[in-house]
Amino acid sequence: MKGPGLMLLLVLLCLPLSVAGEATNEKDERWWEKRHQRADIFYPHKAHQAVMEADGDACLRCHPFNPTDIRDLERLRVINVIANEPLREICHSCHVDRISAPWRCDLCHDQRQKIWPQDHNFNYIANHAEDSRLDESQCRECHLDLSFCTDCHFRRDSSRHRVHPLAYVSAHGLEARFDTASCGRCHDVDYCSDCHRRRP
Amino acid sequence: MAATPVMAQRPVDLPPLHHLVNVKPSKAVNVPEDFPLNHRGEITCETCHGIEDIEDIPFEEVDKRAPDFLRQGPYAKTTAFCYRCHAEKTYRRQNIHDLLDARGEYDEKACEYCHQQAPDPGKDHTREQLKLRLPPETICLGCHLKTPHLNALDHLVKPDEKMRRRMQASERRLGIILPLDTRGRIMCVTCHAPHERGLIDESKPAGKQVADGDVKEGVVYEDHPWDAVYRADKQARLKKLPGGAAPVALYYRRLRSEVLLRLSARDGALCLACHAFER
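Chains as they are written, first to last, in this note's numbering: chain B, 1 to 200; chain F, 1 to 279.
Chain F with its partners taken away, still in its complex shape (with noise of 0.2 Å):
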């Protein structure tokens, strides 16, 4: 294990789960060369902060909405300034969706992660029969956030009799599955089919899903030249709301792969599955 770095002799009073100080990074970092470090090579306020004499200001008073309070910022999240100097792919955890191994065997450990005991993927089951560790409505919830996306939210709702018979008709029509949980209402896995693809077979409706994508790389984005005149206007709006538009980034990109989704969201079929429209 590799040993703890220590505090260097001056003590700097910092906030609590602050990153250290005077220390010098280890070889596996890799400090920007426009970090600066101080002259023995440590990382200083300065290294990450870029307001000149920060350690100088009361924590309070630190304007930490300026754009380079964390340097070349802001940073839609707080890791992707991490990542900076630290290797991402380190801290990367276990995709448990990538179930399937090179020559298409799957790893019950994985399975294990939310099924009590691995279920056989080539039999039909109830969803007693699945054995869950947590009801289907809240397990994605160990892992992901409840709204991992934008309109999530909105649609975490029971749907009405006329929406649940369109989403009936679809399953049927389609071949696929649409589950609400217990309380008839849409959760995650309404939408998304949280087993890699080939691993239930496609002539089964839970194991129908999108094609294009790779599990292992996820959803892929690409940019688009929207993107500048979108934030623009979204930045406007969020600004008037109370508490300004910080830190909310609103942009827009475009779907180049899809993954783990029932339907395609890109074509709109997925979202035809359940809406209408009346003109």
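The shape of chain B in the complex, shown without the other chains (with noise of 0.2 Å):
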């Protein structure tokens, strides 16, 4: 008797245990709930009402509610979260093929590292000329704005492209004797001969 006791009373313990496990399921599965946490692409629903409402199709844009035949309840419940999901294209229409709405990718993306090319993550400064050169609407897709060059290789007053630390200036000469061609990536000849023409 003693056995099957302790097992009764094992299975008693595990009980809670296993229906909440089950309700935690459940509340996962209710994905919609948790859209705001979503950091990978944020969707402000209350920012876009009105627009989407104007434009017809407000909710349905995303949220379709096209005819469907498939009477599998498990495959339907999966492939109603796809039809949910968003599509880079809809997104873009308006943020970026026509500028309609704010393009700034860190709107709606939480870190760029997550949607620009791998080529993007070592030292791509080196690179980016011969790219751009290939094949500019490439980088169009993305840098939409022409002041992301022209801060770069037309301007120095630009707050936007802080790439050396503050009082940079007082350790660059050091860095320069080291590696001269990588202040040159960045920097044309002008750049030096500008201050150190007046400081001889």
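Bear in mind the hints are in silico, worked out from the structure with no lab data behind them. Computed from a predicted structure; not experimentally measured. Just to be clear, a hint being listed does not mean it is correct.
[What the hints assert, rightly or not] Using C-beta positions, here's what the derived DEER-type ranges look like: (1) F/D98 - B/I115: 47 to 57 Å; (2) B/N121 - F/A80: 39 to 49 Å; (3) B/I90 - F/E128: 43 to 53 Å; (4) F/K204 - B/I41: 40 to 50 Å; (5) B/F42 - F/V229: 17 to 27 Å; (6) F/H86 - B/N121: 37 to 47 Å; (7) B/P67 - F/D98: 12 to 22 Å; (8) B/Q138 - F/D98: 48 to 58 Å; (9) F/K131 - B/P67: 27 to 37 Å; (10) F/V229 - B/Q138: 17 to 27 Å; (11) B/R104 - F/K131: 51 to 61 Å; (12) F/R127 - B/I90: 38 to 48 Å; (13) F/T126 - B/I90: 36 to 46 Å; (14) B/A54 - F/A76: 28 to 38 Å.
[Unchecked claim] Quick partial rundown of chain F residues pointing at chain B, CB under 7 Å, derived from the structure: (15) L141; (16) C143; (17) N151; (18) D233; (19) D267.
Here a beta-carbon is modelled for each residue, glycine too, at the ideal position from N, C-alpha and C.
Got two chains here, separate frames each, mind docking them using the hints?
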């Protein structure tokens, strides 16, 4: 009697745990309740509401209610999720192609490293010139504003591209002697001489 | 009654419920020119199937997902293939939501598909007085699938208290009803108005619905340039599923007109009667 009694006690003790586990899984499956927690792509519904209403298919644009004859409910559940997933082209039609909406990548994407090409991960500044000459349209898929180029190539007073730490001016001489070419990736020769000519 | 086509002398081992072969199509059937008939003008395997020598391949080994398994496929619905030859109109069932005739009179027989006795549309009724043949949550299922459109499945649930309060507020504010089933769950008629516009007076909450659609025409969609890229994206996702993408087709269309909805889904009013966004 001791054995079965102990077993029963164990089963009774484990029961609330397994029930809680099922409830958690069920809750997890209600993915739409967590849409605001999805950090990789942020979609503020409220901010889009007025524009979508005016443009038509306010909610149906991303949440289709098209007819279906799928009767396998488990399969249908998965297909609903796929049907509801955001589609780059739908977002980009306003935010990138037409630029009728704000087009800063970080408005929707939390980390630019997730969306930029892999070759951007290491010292891409050394190769960007060749790529941009070969196919500038590739760059423009993300860099919609030409100031992204001109801020480096033609301006020195921009605060957008801070690649050196503060007070780098004191240390730059040493590094420039070690690897002068590295300065040349961003700066042309006038950038040096403009100052050095004044203070020889 | 038309004579039943007789099988020809050469027996063909067909799976159950298969279309007849070795019969001449009747005059009512319009076989496309590029669907080949045999020299006697009869339907053969090649008429419908584009797979070479399909009759020599064992049934289990036939690739039923091949695009040309049914000629010029794939087809989202098998019936779409049937209607390549057969006139769709002649197979259409009566639309029982089409309740009013040209004079605005309603057909009591159509009402009695769902009601034991046609209720007076001018009067207010309790749910019991409507004398529905089946509970409201199952009555639609005699003709419609339980999930006849995407995202229907996720809606057939019991809304939480917060959403129920929002729904009640929408009912008061918009002068509509958003009825739940006896167990408090969302059902088809929570969003869909089953009666043709004009049958129940629009001043009544049960009679208010979208105005732009024609119940005879049904929901009308229009093509959209995003369709190609949408299909490609979704097919790539579907292919990763166990069982692959076939025969599911997710496509992108826009609503041109909607019908039998308590509020417009096109501008999102129907969705926002229940849903709210924090951000």
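Quick rundown of the hints versus the structure:
{"no.": "1", "hint": "F/D98 - B/I115: 47 to 57 Å", "verdict": "holds, 50 Å"}
{"no.": "2", "hint": "B/N121 - F/A80: 39 to 49 Å", "verdict": "holds, 48 Å"}
{"no.": "3", "hint": "B/I90 - F/E128: 43 to 53 Å", "verdict": "holds, 46 Å"}
{"no.": "4", "hint": "F/K204 - B/I41: 40 to 50 Å", "verdict": "holds, 43 Å"}
{"no.": "5", "hint": "B/F42 - F/V229: 17 to 27 Å", "verdict": "holds, 22 Å"}
{"no.": "6", "hint": "F/H86 - B/N121: 37 to 47 Å", "verdict": "violated, 59 Å"}
{"no.": "7", "hint": "B/P67 - F/D98: 12 to 22 Å", "verdict": "holds, 18 Å"}
{"no.": "8", "hint": "B/Q138 - F/D98: 48 to 58 Å", "verdict": "holds, 55 Å"}
{"no.": "9", "hint": "F/K131 - B/P67: 27 to 37 Å", "verdict": "holds, 30 Å"}
{"no.": "10", "hint": "F/V229 - B/Q138: 17 to 27 Å", "verdict": "holds, 18 Å"}
{"no.": "11", "hint": "B/R104 - F/K131: 51 to 61 Å", "verdict": "holds, 60 Å"}
{"no.": "12", "hint": "F/R127 - B/I90: 38 to 48 Å", "verdict": "holds, 41 Å"}
{"no.": "13", "hint": "F/T126 - B/I90: 36 to 46 Å", "verdict": "holds, 45 Å"}
{"no.": "14", "hint": "B/A54 - F/A76: 28 to 38 Å", "verdict": "holds, 32 Å"}
{"no.": "15", "hint": "L141", "verdict": "violated, 12 Å"}
{"no.": "16", "hint": "C143", "verdict": "violated, 13 Å"}
{"no.": "17", "hint": "N151", "verdict": "holds, 6 Å"}
{"no.": "18", "hint": "D233", "verdict": "holds, 6 Å"}
{"no.": "19", "hint": "D267", "verdict": "holds, 5 Å"}
In the structure shown, a violation is registered for the earlier hints numbered 6, 15 and 16, in ascending order.
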